[in-house]
Amino acid sequence: MSSAPLLEVDSLRVEFKTDAGTVRAVDGVSLSLAPGERVAVVGESGSGKTVTALAVMGLLEPPGNITGGDVRLDGRSLPPLPDNEYRRIRGRDIAMVFQDPMSALNPAIRVGAQVAEAITVHDPSVSRAAARRRAVELLERVGIAAAAQRVRDYPHQLSGGMRQRVLLAMALANSPRVLIADEPTTALDVTTQAQILELLDSSRADLGLSVLLVTHDLGVVAGHADRVVVMYAGRIVEEGGVQQVFASPRHPYTRGLLASVPTANGRGSLTPIPGAPPDLSQVLVGCPFHPRCAFAEAQCLDAVPPLVELADGHCAACVRAREI
Amino acid sequence: MLRRLLVAVPVVLLATLTVFLLVSARGDPLRDFRHRPSVSQETIRNLEHEYHLDKSKPEQYVLWLADFVRGDWGTSFRTERSVSAMVGEAAWNSFLLVGTAVVLSAVLALLIGVVSAVRQHSAFDYAATGFAYFGFSMPDFFFALLLQLVLVIWLREQFGIQLFYVQGKYSIGEEGNLLNLLQHMVLPVATLMLTSVAAWSRYQRDSMLDALRTDYVRTARAKGVPRRQVIRRHALRNALIPFVTVVAVDAGVLLGGVVVVERIFNWPGLGLLFFQALEYSDYPVLLAWMAVATVFVVLFNLLADVLYGVLDPRIRLSGRPA
Amino acid sequence: MSMRVGDESGRARAESMDAGLLAPEVVPTIAAGQWQTALRRFRRHRVAMTALAFLVFMVLACYVGAHFAPSPTEQHLTEPPSGPSWSHWFGTDELSRDELSRVLHGGQVSLRVAFGVAILSTVLGVVIGALAGFYRGWLDELLMRFTDFWIALPALPILAVVVSIGTIDLGPLGTLDLGSPFGITLLLSLLLWGSIARVVRGATLSLREREFVDASRTIGASNTRIIVRHVLPNCFGLIAVNATLVVAEAILVETTLSFLGFGIQPPTPSWGNLLANSIDNLEDQWWLTVFPGLVIFLTVLAVNFLGDGLRDALDPRQPVRA
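Protein chains in written order, with this note's numbering: chain H, 1 to 324; chain L, 1001 to 1322; chain E, 2001 to 2322.
Extracted from the complex, chain H is given alone in its bound form (with noise of 0.2 Å):
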């Protein structure tokens, strides 16, 4: 499939000053999204991939900023936009949901008009019933009983579910080619997680979405991505299909993840990556990862190892690939 990539994030870093020191929270991440095409970008707090979202929304703040790389929809790079122009590609071309569903919906307004709003501030000119009308439309199609009745509701009201059914209602009003979601699942309990992953998979089906799934859990990826996209201490160290890369990871990193996972069947045992991620304020020299690493060898602080390709797309950011 050679389709011209939808969304296309090249060598962006992004650097957050503070008075320790500049973080480099992302450095050197490249990833493109194909029309249709479901990518999941995995690691755990701090390996960069919310701020990559984020930075691909154009909603870092200061201190945070691009330092390099640029990030491209449709081939039109975006970072140099201004605000009010970025804007309007922000809920309409690229949309977002985030992770804690009880902080993300404004307290003081009733859900039915945050959703409205979702569609009065891309066109101005629909009247304010209309857009009522369409919200109730588009909490119905998330799956939320007596859509009429809860469109007057307050935030608080609403389950955690409900919230993040909303949440995705108001992501999804404008038909965005892209639509981000960052641990759209973590805050629910399992069941609703299903469903909103469900629900995820059939509004990509109906809209023609591509889908940027940001998580910490393999889980969700097995069964929910196409593509996985492996970060660690800001940077991407593997990549590939995700029945390739859960078949044969073939980076340190991306081998302890898998391990670390319990499985269904509750054999096997829990086996953790010893350490922690580094310290993203200091310089790292050689790869980020070998300081806990089972496979580290003297060549391993050499430089930071490149992605290299190993198969047909899969990559894998190791100078020990090949062998493991």
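Keep in mind that the hints were calculated from the coordinates and are not lab data.
Ideal placement from N, C-alpha and C gives every residue a C-beta, glycine not left out.
Each hint should be verified, as a subset may be incorrect.
To be verified - Okay, the calculated beta carbon distance ranges per label pair:
#	chain 1	residue 1	chain 2	residue 2	range
1	L	Gln1167	E	Trp2138	48 to 56 Å
2	E	Arg2136	H	Lys17	37 to 45 Å
3	H	Ser281	L	Leu1182	54 to 62 Å
4	E	Arg2136	H	Val190	31 to 39 Å
5	H	Lys17	L	Leu1178	55 to 63 Å
6	E	Arg2136	L	Leu1178	28 to 36 Å
7	L	Leu1005	E	Pro2266	54 to 62 Å
Chain H is fixed; fit chains L and E onto it per the hints.
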């Protein structure tokens, strides 16, 4: 809400009791009268009877409270006028000052706070911060005197013009003249505003900054809502809720400021009344004043609670905080 | 009770914190080596260092410098009051007393009261706050009800009335002149301990849930030991910051009271009553108003900057450069 009203009642009772005990602790209210040869024993006995000074302390409190609630506040030792009439007049005059000060301060503080937050770290923000420090550290009585020195005395000496007046409500012969009244009000109101604007603008800035950092503001931006609208419709809406209550509550604190300001500018309000009553040991006025002041503060705190409940939908609809 | 807008704002803030609208405060805990970091951060804070230097200078001037200034009580009734000059830096007053030395001597009193209040109210606040936060239950409830009630009283008028009680007889403990510096110190401490107590209570509440408390319990440490050795040291920063705020408030309250004539009584000088004398002579002898007032303002300003510097130095969250 009913529960809050009920809780307020014992608070008021306890407060009036405290206040009564404190005033009584000053000693015999009729002390000065007893030393005056022109005052007859009969007058003294009448006074004792009228103010229940011939009864035990607990009885005194209860009887006084009953009188107070009924509106029988006695006659001033100093002016021999009805205390309730005096307090009524004074209250209106003070309201003129305090009401104006509160409204102007709230508006100004809101503006300064919001702009400071939205343009954080800008020159305006630093200037506003500097002003806040100034306001917090400046004693209001000194500020009042400084204003007088600069805006009245210096202006008069250098340019021969008198823009503002510093004594009382009206110049002699100008009663009822609105402009004259305003000229008398400017300096006292400005003094009252200093602390309020400093504190409230600071509070609003913090409140606004917090609101701007919330997840729901981020969601709004992710939806594509333009910046201005995000500030107005999302951040400000939520930052305003605590602000309203701060204003309502601090309005009670202005009572202290009013005493100072009215003393300096000779403004015939509650503050000056208190000052005179205490200086003169005017027992009936003192008691009535303290009781009124206490009820007033409790009422305003209650108002703040109620307002908060009304404005925050999470409290309004479920009857208790989320 | 509260004089400044801080207390009520604090309460409104606390309530809105519960409502989740504002971010809760993190209790900064200081591990062993972090004192050095805090000290270093503080030294970098130029404004705070300047403020500290100024305050040290102020204290030295008032106590040591007073020796070298002309006598504050020496009157030259033949000479008219004069403005600032080389022989009298702050001019002279209507009795031809040297104003500078009056300011310095007044400073001794005002500063002594302020620091005394800070110490006393800190002790009170820490003890009560820690006990309330640690043991919770009825003690905590009582404390909370009490502070609610306290806030409901109008502070300045009550203080004025209490001071006007004069001297009270404490039986075996002797007599206490409420208008003396010691008396005022006591009264102000009773007024101002609340904010420290609230802060310490909050910190204790969160700290008692931490692991090191459990660890101490398992090795059999007594509650007192836990509070003193573990909980309190982690509050030092919070306590220090609040104590400086109390100093600032104490100066302002004391000078206001003294200005009105309801505080430190002449002939004991205080910055406040120095200004009281000057009201009538504002037009002719501006220096009698400006210099004492400026001194109060600058001192309070310095204390506020100091408090800010302390707060910044002890806050573990890195302040971010724009």
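**Request:** Return holds or violated for the Cβ distance of Lys17 (chain H) and Leu1178 (chain L) against the range 55 to 63 Å.
**Result:** Since the Cβ atoms of Lys17 (chain H) and Leu1178 (chain L) sit about 56 Å apart, the hinted range of 55 to 63 Å holds.
**Message:** Quick check on a hinted range of 31 to 39 Å for Arg2136 (chain E) and Val190 (chain H), using CB atoms only.
**Reply:** The hinted range 31 to 39 Å holds for Arg2136 (chain E) and Val190 (chain H), with Cβ atoms some 36 Å apart.
**Prompt:** Between Gln1167 (chain L) and Trp2138 (chain E), does the beta-carbon spacing fit 48 to 56 Å?
**Reply:** holds, 54 Å
**Item:** CB-CB spacing for Leu1178 (chain L) and Arg2136 (chain E) relative to the 28 to 36 Å hint
**Value:** Distance hint for Arg2136 (chain E), Leu1178 (chain L) is violated at roughly 58 Å.
**Message:** Range first: 37 to 45 Å. Now tell me if the beta carbons of Arg2136 (chain E) and Lys17 (chain H) are that far apart.
**Reply:** At 43 Å between Cβs, range holds.
**Request:** Given the hint of 54 to 62 Å, check if Ser281 (chain H) and Leu1182 (chain L) actually sit that far apart at their C-beta atoms.
**Result:** holds, 59 Å
**Prompt:** Honestly, do Leu1005 (chain L) and Pro2266 (chain E) meet the 54 to 62 Å range at C-beta?
**Reply:** Violated: the Cβ-Cβ distance is about 46 Å, outside 54 to 62 Å.
Taken one by one, the earlier hints fail for this structure at numbers 6, 7, listed in ascending order.
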